[in-house]
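There are 2 protein chains.
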Amino acid sequence: MTDPRLTELTARAPSLRLLTELADLIHYGRDWTRRWGPAPLAVALPGSIEEVQAIVRWANERQVALVPSGGRTGLSGGAVAARGELVLSLERMNRVLGFSDTDRLLEVEAGITLQAVHEAARSHGLLYPVDFGARGSCTIGGNIATNAGGIRVIRYGTTREWIGGLTVVAGNGELLELNRGLVKNSSGYDLRQLMIGSEGTLGVVVGAQLKLTDPPPPAQTMLLALPHMDALMKVFALFRAQLKLQAFEFFTDVALRHVLAHGAQRAIDADQPYYVVTEYDALDDGDEQTALLAFEDGVREGWISDGVIAQSESQAATLWRLREGITESLAPRKPYKNDIALRIGAMPAFLHEMQALLAREYPQMEVVWFGHIGDGNLHINVLPPEDMQQAEFIAHCERVTRLLADTLQRHGGSISAEHGIGLVKKPYLESTRSEAEIALMRGVRTVFDPNGILNPGKLFD
Amino acid sequence: MTDPRLTELTARAPSLRLLTELADLIHYGRDWTRRWGPAPLAVALPGSIEEVQAIVRWANERQVALVPSGGRTGLSGGAVAARGELVLSLERMNRVLGFSDTDRLLEVEAGITLQAVHEAARSHGLLYPVDFGARGSCTIGGNIATNAGGIRVIRYGTTREWIGGLTVVAGNGELLELNRGLVKNSSGYDLRQLMIGSEGTLGVVVGAQLKLTDPPPPAQTMLLALPHMDALMKVFALFRAQLKLQAFEFFTDVALRHVLAHGAQRAIDADQPYYVVTEYDALDDGDEQTALLAFEDGVREGWISDGVIAQSESQAATLWRLREGITESLAPRKPYKNDIALRIGAMPAFLHEMQALLAREYPQMEVVWFGHIGDGNLHINVLPPEDMQQAEFIAHCERVTRLLADTLQRHGGSISAEHGIGLVKKPYLESTRSEAEIALMRGVRTVFDPNGILNPGKLFD
Numbered sequence: 001m002t003d004p005r006l007t008e009l010t011a012r013a014p015s016l017r018l019l020t021e022l023a024d025l026i027h028y029g030r031d032w033t034r035r036w037g038p039a040p041l042a043v044a045l046p047g048s049i050e051e052v053q054a055i056v057r058w059a060n061e062r063q064v065a066l067v068p069s070g071g072r073t074g075l076s077g078g079a080v081a082a083r084g085e086l087v088l089s090l091e092r093m094n095r096v097l098g099f100s101d102t103d104r105l106l107e108v109e110a111g112i113t114l115q116a117v118h119e120a121a122r123s124h125g126l127l128y129p130v131d132f133g134a135r136g137s138c139t140i141g142g143n144i145a146t147n148a149g150g151i152r153v154i155r156y157g158t159t160r161e162w163i164g165g166l167t168v169v170a171g172n173g174e175l176l177e178l179n180r181g182l183v184k185n186s187s188g189y190d191l192r193q194l195m196i197g198s199e200g201t202l203g204v205v206v207g208a209q210l211k212l213t214d215p216p217p218p219a220q221t222m223l224l225a226l227p228h229m230d231a232l233m234k235v236f237a238l239f240r241a242q243l244k245l246q247a248f249e250f251f252t253d254v255a256l257r258h259v260l261a262h263g264a265q266r267a268i269d270a271d272q273p274y275y276v277v278t279e280y281d282a283l284d285d286g287d288e289q290t291a292l293l294a295f296e297d298g299v300r301e302g303w304i305s306d307g308v309i310a311q312s313e314s315q316a317a318t319l320w321r322l323r324e325g326i327t328e329s330l331a332p333r334k335p336y337k338n339d340i341a342l343r344i345g346a347m348p349a350f351l352h353e354m355q356a357l358l359a360r361e362y363p364q365m366e367v368v369w370f371g372h373i374g375d376g377n378l379h380i381n382v383l384p385p386e387d388m389q390q391a392e393f394i395a396h397c398e399r400v401t402r403l404l405a406d407t408l409q410r411h412g413g414s415i416s417a418e419h420g421i422g423l424v425k426k427p428y429l430e431s432t433r434s435e436a437e438i439a440l441m442r443g444v445r446t447v448f449d450p451n452g453i454l455n456p457g458k459l460f461d
Numbered sequence: 462m463t464d465p466r467l468t469e470l471t472a473r474a475p476s477l478r479l480l481t482e483l484a485d486l487i488h489y490g491r492d493w494t495r496r497w498g499p500a501p502l503a504v505a506l507p508g509s510i511e512e513v514q515a516i517v518r519w520a521n522e523r524q525v526a527l528v529p530s531g532g533r534t535g536l537s538g539g540a541v542a543a544r545g546e547l548v549l550s551l552e553r554m555n556r557v558l559g560f561s562d563t564d565r566l567l568e569v570e571a572g573i574t575l576q577a578v579h580e581a582a583r584s585h586g587l588l589y590p591v592d593f594g595a596r597g598s599c600t601i602g603g604n605i606a607t608n609a610g611g612i613r614v615i616r617y618g619t620t621r622e623w624i625g626g627l628t629v630v631a632g633n634g635e636l637l638e639l640n641r642g643l644v645k646n647s648s649g650y651d652l653r654q655l656m657i658g659s660e661g662t663l664g665v666v667v668g669a670q671l672k673l674t675d676p677p678p679p680a681q682t683m684l685l686a687l688p689h690m691d692a693l694m695k696v697f698a699l700f701r702a703q704l705k706l707q708a709f710e711f712f713t714d715v716a717l718r719h720v721l722a723h724g725a726q727r728a729i730d731a732d733q734p735y736y737v738v739t740e741y742d743a744l745d746d747g748d749e750q751t752a753l754l755a756f757e758d759g760v761r762e763g764w765i766s767d768g769v770i771a772q773s774e775s776q777a778a779t780l781w782r783l784r785e786g787i788t789e790s791l792a793p794r795k796p797y798k799n800d801i802a803l804r805i806g807a808m809p810a811f812l813h814e815m816q817a818l819l820a821r822e823y824p825q826m827e828v829v830w831f832g833h834i835g836d837g838n839l840h841i842n843v844l845p846p847e848d849m850q851q852a853e854f855i856a857h858c859e860r861v862t863r864l865l866a867d868t869l870q871r872h873g874g875s876i877s878a879e880h881g882i883g884l885v886k887k888p889y890l891e892s893t894r895s896e897a898e899i900a901l902m903r904g905v906r907t908v909f910d911p912n913g914i915l916n917p918g919k920l921f922d
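Chains A and B supply the protein sequences, listed in that same order. Per my numbering, the first sequence starts with residue 1, numbered consecutively. Per my numbering, the second sequence starts with residue 462, numbered consecutively.
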């Protein structure tokens, strides 16, 4: 620890844990992206808000860039430290601080994992409803920084809906208690909302008051095979009108082939282009009857080719695996991933156009589509041909992303649905946000972080 | 129209409707507050976004202050033009621009009334769930500017939850299309959220994409009499756990006496200190049975003294009138109003302390409490003694508000639940927001409105 800046930091915060071993620098210096080599100055693991403030003040004085760090499960490079930054990991600040039954608020430190939040909520007979695959590793602070969504947004919304209050160390070192768990508070700008989704560029989230809700009612799971994209939209409208949907996920035949080849159980014939896993409230026989009637309506209209209703929890898990196993089944092929969003109604035209474009420009690449119909959120995985070198593939994919961004812009979409902009999407930000908006964002960033020490180079330069 | 600045404005926007008659200046120059004399320069009634942009650009160049104006039903003076400002009324921009069934989005101009939005949603078989008494006069633009709440926040949240996209002319004249109706969009700061609740100080909201939802299920209404404040909180917890609450409103015996004296029908004996009107989903006999059991539990525990379940829609209306008629019943007495919020769990201690404080300091004044328990939102109406002059009364009330603000601060509350800060609450903003937060808000305001032409003097100086 010879860097004199670190010596000074240690002098200011004597009990601060600092890591400088190479293995730690690599471990904490990157997220799930692999395009940048981790090269942080060091890793700080503060144990208190006071230590976070000491770090931020020191960084301002010494002009050291900070990378706030949660579970680093993002796919946009938002938590990458590749240019000598100090990683500020919240992982030691992972406690539940309190619970109010009357307010249904769970107060936590930012470094707590999503799974630990689920368990704490459950221990009080309540639900924290945001959920997704990385739950065991990702942290609430990171969820807040990207406004994470997941598989039940259609029912519960994104992280934003569940934040009653935030404790933040702003880029200028000031401690902010934003909204303090109030339901109603019309006292000027809601800085809490500004912080949510700001990717660590305005402040370091150190704590949160999370709203909890009633546990979900019993649900039933259905798998559907559909003959075309328009049918997918019709069935979504039909089911949304008849049932209380908790999830409505789609994937293509290409995705299904991969997940079956990876060991998932064949629950349905794989001869249709689109598949849906949907989950809906099933409190009683009446609800189940309604679901069956909706299904039959869909078959009669020619929108549904085939379907399975899970008869047990284990069968529901089998159906869900067809959707949830896709990412893992593709991983060995090192796919190029994009996570985009559109208005729900804009999806069919966008998909038609994009699929035709990709087939014309990149016939040699396999493209796997899946995602959340109810949120307009599409995941695109492009697989490299077996004989293509990684560098050539990445170069092609950058061009694919440019095509994607241009097409999205024409259809009013967003280049990032839930992983943020970070480094990966930075070149494409203008496809989603206007010049005027970006100028305002730059201005806001300067207000919160006048010396530009918080996650510089992420979101925009 | 001799003011040369107005001549120039007319030259730039030849078809802009401008009003300068005294009656118009008075009508458009104030909201429901009556503490400031309206004295605008003129009233502009733009008919298009281009005209709004022309006004904002002109105001920047000529350094004319603008007061964006909706239905002017606010109680914080946010829409008062008392210092030669140009009132920018959106009332002519009141059209429904579009509807998407797939996205469940209703696109409107900002000057549309809340009631017209309700009707448009209903015509598509859907619901825009924000609702309150001023629905016939207030506009969506104003609702957004204050993040209006109302009587069903416990079930549906505030206006913020229902804004899928905003079209805004920023203080610098730039047109912003914020979020464009996307469900998921993690592409930097959510400026839409920043705009909501900003009281016309960052931009002029000219349009919105409103989220719609399923119509509410059939509901049942119950009136309860309760022996003390703690019982009120116990019954709230009990009912929330057992029923799907749509509303849980309380008022005191003092409020009940006023509303009965004003002609409301006596549905219950007025000998208990607290009353509740609650509404909950009642889809079938099972739900009604559950409600009855919850009621009986409350009686057995000694938390409920008496109760009535409405047996018809007209009886439900009779019960609701006891709560909704309070404001009107107090109006002839010209009460001094405060609209505050706390965490739900903080309400009993706050109410005890505040009631004792008021009884000690102002024994001569009658204080009427009512509000939304489920949102922690309390309305306080202080009535002047019959023999007190208005000026003396106002002076006393300013002191009451100071006591209130100090007490709120200790209990972590907010000085404004749903009417904003405007002019009325400006002296008390620091009771709710820290110095550091206010400094950041000032900075943000400067980013959006560098010349300070948007609603200057509101929120903070």
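A couple of the hints might just be wrong.
A partial selection of chain A residues facing chain B, derived with a Cβ cut-off under 10 Å [as the list claims (entries may be wrong)]:
id	residue
1	H118
2	R122
3	S123
4	N179
5	N185
6	S187
7	G197
8	L342
9	A391
10	E392
11	A395
12	E418
13	L423
14	N451
15	G452
I should point out that these hints are in silico values taken from the structure, not numbers from a laboratory. Values in this document were obtained by computation on a predicted structure and should not be read as measured data. Beta carbons are placed, not taken as given, at the ideal position from N, Cα and C, and that holds for glycine.
**OP:** Would you pick out the hints that fail for this structure and give their numbers low to high?
**Re:** Hints 1, 2, 3, 9, 10, 11, 13, 14, 15 are the ones this structure does not satisfy, whereas the remaining hints hold.
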